[in-house]
Amino acid sequence: MQVDLRFFDSLGSQPLGRLAELTMSELNGDPAVEIAGIASSQTAGAGALCYVEGPPKQASLVSSQAAACFVSRDGAGRLPKGVIALINARPRWAHGQAAQALFRLKEWTSCEGPEAALHETTRLAPGAVVCRGAVIGAGTVIGPNSVIGPGVQIGQHCRIGANVSIRNALIGNHVSVLSGGRIGESGFGVSDGPDGAEDVPQWGRVILQDHVLIGANSCVDRGALSDTVIGERTKIDNLCQIAHNVVLGRNVLMASFGGISGSVEVGDGTIMGGRVGIADHVVVGAGAKLAASAGIFRDIPAGEAWGGTPGRPLRQFLRETSWLQQQAMKGRSDKS
Amino acid sequence: MQVDLRFFDSLGSQPLGRLAELTMSELNGDPAVEIAGIASSQTAGAGALCYVEGPPKQASLVSSQAAACFVSRDGAGRLPKGVIALINARPRWAHGQAAQALFRLKEWTSCEGPEAALHETTRLAPGAVVCRGAVIGAGTVIGPNSVIGPGVQIGQHCRIGANVSIRNALIGNHVSVLSGGRIGESGFGVSDGPDGAEDVPQWGRVILQDHVLIGANSCVDRGALSDTVIGERTKIDNLCQIAHNVVLGRNVLMASFGGISGSVEVGDGTIMGGRVGIADHVVVGAGAKLAASAGIFRDIPAGEAWGGTPGRPLRQFLRETSWLQQQAMKGRSDKS
Amino acid sequence: MQVDLRFFDSLGSQPLGRLAELTMSELNGDPAVEIAGIASSQTAGAGALCYVEGPPKQASLVSSQAAACFVSRDGAGRLPKGVIALINARPRWAHGQAAQALFRLKEWTSCEGPEAALHETTRLAPGAVVCRGAVIGAGTVIGPNSVIGPGVQIGQHCRIGANVSIRNALIGNHVSVLSGGRIGESGFGVSDGPDGAEDVPQWGRVILQDHVLIGANSCVDRGALSDTVIGERTKIDNLCQIAHNVVLGRNVLMASFGGISGSVEVGDGTIMGGRVGIADHVVVGAGAKLAASAGIFRDIPAGEAWGGTPGRPLRQFLRETSWLQQQAMKGRSDKS
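Sequence order for the protein chains is H, S and P.
Read in order, the letters of the first sequence correspond to residues 2 to 337 in this note's numbering.
Read in order, the letters of the second sequence correspond to residues 2 to 337 in this note's numbering.
Read in order, the letters of the third sequence correspond to residues 2 to 337 in this note's numbering.
It is possible that some hints are incorrect.
Note that identical chains are pooled: a pair holds if it fits in a single copy or bridges any two copies.
[Stated by the list, open to error] Quick list of in silico lysine to aspartate or glutamate cross-link-like pairs, DMTMM-like style, CA-CA up to 25 Å:
hint	residue 1	residue 2
1	Lys290	Asp200
2	Lys331	Glu233
3	Lys290	Asp300
4	Lys290	Asp31
5	Lys290	Glu35
6	Lys331	Glu305
7	Lys58	Asp269
8	Lys58	Asp281
9	Lys58	Glu233
10	Lys58	Asp31
11	Lys82	Asp300
12	Lys58	Asp211
13	Lys58	Asp193
14	Lys290	Glu54
15	Lys290	Asp193
16	Lys82	Asp211
17	Lys290	Asp196
In short, the hints are calculated from the structure, not lab data.
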């Protein structure tokens, strides 16, 4: 991953020694090595700084291209050869601190850089605010009192409603965001820092492909160290939540109050009833059908219908529900 | 239904031949017949264009006043006499396409027509945007950075909070919409078009009767081919969702995260705990009590208390819950 | 409780006789007694007007410092000595009516009083509206088209996103409110008035302590007759609802769609998965863990893990789920 400089300012590179000092980490390598990039542990490219948490063996899965990695003392010895260890009891927190010494989110008020580029047929309603560096295509309408953040790219013939905010996002053509939609806000990441709960900075983007619909007051968070992606023609109802790093396929339909936790993948053509929740890192196969109110905590094969909480195959859920009803009724009869 | 020209522009009538061509439909009738109106299949008045989906026998229920109807090949022969068939494998999609050749939603930026009419005692906070054709009554306050769409009618002594958006709506007196409320956005309708999922245009309105309260960040969608109606003194908490065509009675109370799916009817005085969901087309009788977290998938008689997901009479739900707890505990004792 | 005059205007004191007349109550005491304050029944200080509902014996728990109390006929005789009874069949409704004769919420448009006080390093984005009497500290950024209501106090180095609204609130340092957050709106209180459902006015505040995070489109309602308090470093995800009078401790983590009903208390370090709901007046001990989708209807001891709806200890919930699955499967085998 490259931090997208349309959305973040680079603060320049930092020597590892400085980053170790800043994060109170023990450095097992050359303090003069300059770090200019950040990444997740498994996707880290040449020169990037990452972190790894969990059991020590996780450290062996870190990309061998990474320049350095925050890691617990137990895991340090298992890092791939050539990856410098920054030993810290709180690797995720330390990485967030170091990353903030390298990059800084462009504020809603930071309008340095080129003016927004609007096509002559772009229409801005009264009160719409477009920050510098934003690009908006032909025939797109930005509704009243909506806000397009610095560097945001919006394609052609999009409809952005009223009181919408969009930041850290790349948006295709014919996309609709209904009023109150929140695109590109910080994902919910919390680390256990030395002073208590600490916000983990989020460095990714949101990508909405062509013909996507985002309903009123729905939220699509930007990725942490990758992107959140909504595939072509996927349609999301009001008051839904799409967390960081989620990848939804094409033609996915999600009814109201759908909640997709971090790093979930959903295949093309999946249909979700209202109030479906999916736990983090779950993979849902293409064409799955998730019944209203389902709470999904495990992977679902393509094409299957699931329901209930915790989610199970829909037929099983209905059988259990029906069996329970009969038994409880019988139990009552036996007593009376 | 008449499409309300305060909220939509008429593009003039179209001959059936043109609409058949546009939607790639087979026309079983006079191509010169002019169509100027749209409707749902069962309420279509004279001259209106409708559609019907589902089993072929549904076609026999189409209003005999309809001028023409998009219908599957199987259903075409069952249309009432005099209703011209437009044969299409995707009737709902085709109707949406044809309707968009007849009418066009007034954009947030389309401010042609008369200036907004404000009473001398109407107060607009800083940043409030009122589009042309809107009418706002005496003593009503529009909060900062809120948006009142073209043609919206708001009565007297209403309180509209901050960052609210209202469109395609008729609002009575003494109505409150708390900050972030979204009134009149497009209902969630998706058809299966030739290129994949397609938004179904929504032609109805929202009607909020006197003394209604809509909580912060709650959404009330406009109807598809009818109106969404919230009855007098009905009170809706924060973060609720009311879908298209819903009709709520008077003095209905709905706690946070309530979700009412399309075309549901709820009788007067019904009380819903938090996070109650109701599936589409369900009818809830007057004075029902729905326990927190209930997921209702079938009609509920007046006055009954229901709970659980899928919803069942509350006593039955509690009995099942309690019986399951006892049995599972006993099962464990038997093993140990 | 003192009504905070930064957020409400005082209309002066009123004699009890006038308040009895206004609310159609029967007065058992001196009509000339002047009332200038309101409170809840158990916290009422000298001279305050309160109300009590429920079984008659509740009246005996009213603070003996209260000047007067709306009460049902049955409860009137049980009020502490010296507390004057205002007998009314609808005490809560009557109290709301009387309170509105004493105080009035400052409107979003009521900008009398001192100008907002901004530090020289406070930054307001385009379209941000700051009402009079607001105070905003050094280094704080207010995002585009956000609204800071009259009298609101915001500390240093806070980040307020786009299209946020804040009213009736005291906010510490290093607090983040993501875009679309709604702080200080009216809690959901409905009384049964003579004409039907009636909004109960809400007289309290919201207090967000240092380092709190409120996610996008989340809502924190102000208290009714006390304050809603979110403790230091507590982190709340998108689309959550915190109702009136709730007190959350420090370092509480709440994932998306969390819903905390009125007057709930949650201890330090409690962690809630997505879509957790807690019923009103429940007390959750410090360090509890509530599984995703849990619906909690009773108090939870410190440190325990609970899940399911209705909530029960997590191990019990999982045992029941697993037992049901086995039995229903066996039941099927027996038949086939």
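Hint-by-hint comparison with the structure:
Taking identical chains as interchangeable, the C-alpha atoms of Lys290 and Asp200 lie at most 25 Å apart only when they sit on different chains, with a minimum of 20 Å there against 34 Å within one chain. Taking the closest pair of Cα atoms, Lys331 and Glu233 never come within 25 Å of each other, the shortest separation being 51 Å inside a single copy and 44 Å across copies. For a Cα distance limit of 25 Å, the shortest separation of Lys290 from Asp300 qualifies both inside one copy, at 13 Å, and across copies, at 23 Å. Taking CA atoms no more than 25 Å apart as the test, Lys290 paired with Asp31 passes in neither setting, with 53 Å inside one copy and 42 Å between copies.
Within a single copy, Lys290 and Glu35 get their C-alpha atoms no closer than 49 Å, and across copies no closer than 42 Å, so neither meets the 25 Å cut-off. Proximity of Lys331 and Glu305 under a CA criterion of 25 Å is satisfied inter-copy only: 23 Å between copies versus 32 Å inside one chain copy. Within a single copy, Lys58 and Asp269 get their C-alpha atoms no closer than 34 Å, and across copies no closer than 32 Å, so neither meets the 25 Å cut-off. For the homomeric pair Lys58 and Asp281, the shortest alpha-carbon distance inside one copy (21 Å) is at most 25 Å, but the shortest distance between copies (45 Å) is not.
Taking the shortest alpha-carbon separations for Lys58 and Glu233, neither the intra-copy value of 38 Å nor the inter-copy value of 35 Å comes in at or below 25 Å. In this assembly of identical chains, the alpha carbons of Lys58 and Asp31 lie at most 25 Å apart only when taken from the same copy (24 Å versus 75 Å across copies). Proximity of Lys82 and Asp300 under a CA criterion of 25 Å is satisfied in neither setting, with 34 Å inside one chain copy and 52 Å between copies. With identical chains, the CA atoms of Lys58 and Asp211 are never at most 25 Å apart, being 41 Å at best within one copy and 37 Å at best between copies.
Within a single copy, Lys58 and Asp193 get their C-alpha atoms as close as 21 Å, which meets the 25 Å cut-off; across copies the closest is 47 Å, which misses it. In this assembly of identical chains, Lys290 and Glu54 lie within 25 Å of each other by CA distance solely across copies; the values are 21 Å between and 34 Å within a copy. Taking CA atoms no more than 25 Å apart as the test, Lys290 paired with Asp193 passes between copies only; the shortest distance there is 16 Å, against 37 Å inside one copy. With identical chains, the CA atoms of Lys82 and Asp211 are never at most 25 Å apart, being 43 Å at best within one copy and 42 Å at best between copies.
In this assembly of identical chains, the alpha carbons of Lys290 and Asp196 lie at most 25 Å apart only when taken from different copies (21 Å versus 44 Å within one copy).
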